[in-house]
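> Model the full structure from these sequences, guided by the hints.
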Amino acid sequence: MSYPVTAQPDLEKFVVECLVPLPGVTCFAYSSAQLDLAGWLWSYMIQVDARAGRKAAARDLAESARQVMAGLTSAPPWDAGTVNYVRAEAGAFWNPDPDGGPRYTARYEVRVHPSRDAWRPATPNPRRATATPADPRKEGIRS
Amino acid sequence: MPARSVFTVTHPNAPMEAVDPDIFLIAFDLSDKARAGSPYHTGNLADGYHYVRLGTAHYAVRNGVPYWRFVEFGFRRPDGTPEAARPAFGRALHEARVRWGALR
Numbered sequence: 001m002s003y004p005v006t007a008q009p010d011l012e013k014f015v016v017e018c019l020v021p022l023p024g025v026t027c028f029a030y031s032s033a034q035l036d037l038a039g040w041l042w043s044y045m046i047q048v049d050a051r052a053g054r055k056a057a058a059r060d061l062a063e064s065a066r067q068v069m070a071g072l073t074s075a076p077p078w079d080a081g082t083v084n085y086v087r088a089e090a091g092a093f094w095n096p097d098p099d100g101g102p103r104y105t106a107r108y109e110v111r112v113h114p115s116r117d118a119w120r121p122a123t124p125n126p127r128r129a130t131a132t133p134a135d136p137r138k139e140g141i142r143s
Numbered sequence: 001m002p003a004r005s006v007f008t009v010t011h012p013n014a015p016m017e018a019v020d021p022d023i024f025l026i027a028f029d030l031s032d033k034a035r036a037g038s039p040y041h042t043g044n045l046a047d048g049y050h051y052v053r054l055g056t057a058h059y060a061v062r063n064g065v066p067y068w069r070f071v072e073f074g075f076r077r078p079d080g081t082p083e084a085a086r087p088a089f090g091r092a093l094h095e096a097r098v099r100w101g102a103l104r
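Order-wise, the sequence lines are chains A and B. FYI, this note's numbering numbers position 59 of the first sequence as 59, with every residue one higher than the one before it. FYI, this note's numbering numbers position 31 of the second sequence as 31, with every residue one higher than the one before it.
Because the hints were derived from the structure by calculation, they are not lab data. One or more hints might be untrue.
What the hints assert, rightly or not - Dumping the calculated DMTMM-like pairs for lysine to aspartate or glutamate here, alpha-carbon to alpha-carbon at most 25 Å:
hint : chain 1 : residue 1 : chain 2 : residue 2
1    : A       : 13        : A       : 79
2    : A       : 55        : A       : 89
3    : A       : 55        : A       : 36
4    : A       : 13        : A       : 117
5    : A       : 13        : A       : 99
6    : A       : 13        : B       : 95
7    : A       : 13        : A       : 60
8    : A       : 13        : A       : 89
9    : A       : 13        : B       : 47
10   : A       : 55        : B       : 47
11   : A       : 55        : B       : 79
12   : A       : 55        : A       : 117
Listed below in structure tokens is the structure:
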């Protein structure tokens, strides 16, 4: 028995595109998990770093990034999915680099639905596809 | 006439004591997963993960290694070279939330 497999949306790419207008802000996804059996809900953990020349500027940048992240739920769906939940997991908190460079760090949990086009038929198991089905008449099996 | 019930709470801390073993299990699991997922060079960082019992059903997972935050959150070297984060604790926390039902 096979069932459709839902393609995992590339949320990290979408968030990077949303944060591109903010110079000094970098982000990456460090964890993801499928929350339901069918793959219609994914949870991503994303870290956002805001660096600037001064602490106050870094803090303002982190706040701008927070507003962008909070607005992801109202953003129009992109081609791979729809963001439906954003929660600040930690921060933004003061997290300077080893040389004292100003940096604020925040971590967010973002949940996303794949788009409706993400359903694809499952790739058939090659071993099953090549196996010859048993003929019940030859095997002498009565159903 | 509506019935009236009066209860006298004789053990206010009973609910906390009832869930204490489960909270202990979560704290143990979280520190164990963070230890297992952390990068290993000298073992100092991995061994630094431990849980502390602060009270009934109140635990904390800590790591006292001073460079923990640089490994967990990444950093930028003075010449501008970025050093990638290796967030063992963040991943363990996310995994624990999914496993123990906090994200449902």
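> Each hint: holds or not?
Right, here's what the structure says about each hint:
Taking the CA atoms of residue 13 of chain A and residue 79 of chain A, the gap is near 12 Å; set against the 25 Å cutoff, the hint holds. Among the hinted pairs, residue 55 of chain A with residue 89 of chain A is consistent with the structure: their alpha-carbon atoms are about 22 Å apart, no more than 25 Å. Of the pairs offered as hints, the one joining residue 55 of chain A and residue 36 of chain A is violated, with about 41 Å between alpha carbons and a cut-off of 25 Å exceeded. With a C-alpha separation of about 18 Å, the suggested pairing of residue 13 of chain A with residue 117 of chain A holds against the 25 Å cut-off.
As the CA atoms of residue 13 of chain A and residue 99 of chain A are separated by approximately 29 Å, the hinted pair breaks the 25 Å bound. With a CA separation close to 22 Å, the supplied pair residue 13 of chain A and residue 95 of chain B stays within the 25 Å bound. For the hint pairing residue 13 of chain A with residue 60 of chain A, the CA-to-CA distance comes to about 23 Å; that is within 25 Å, so the pair holds. Straight-line distance between C-alpha atoms of residue 13 of chain A and residue 89 of chain A comes to about 20 Å, which keeps the hinted pair within the 25 Å bound.
For the proposed pair residue 13 of chain A and residue 47 of chain B, the alpha carbon gap of about 34 Å is over 25 Å, so the pair is violated. Straight-line distance between C-alpha atoms of residue 55 of chain A and residue 47 of chain B comes to about 33 Å, which puts the hinted pair past the 25 Å bound. Distance restraint check for residue 55 of chain A and residue 79 of chain B: the Cα-Cα separation of roughly 19 Å lies within the 25 Å cut-off, and the hinted pair is therefore satisfied. Between the alpha carbons of residue 55 of chain A and residue 117 of chain A the distance comes to roughly 44 Å, so the proposed pair goes past 25 Å and is violated.
Figure legend: structure checked against the earlier numbered hints; hints not met, in rising order: 3, 5, 9, 10 and 12.
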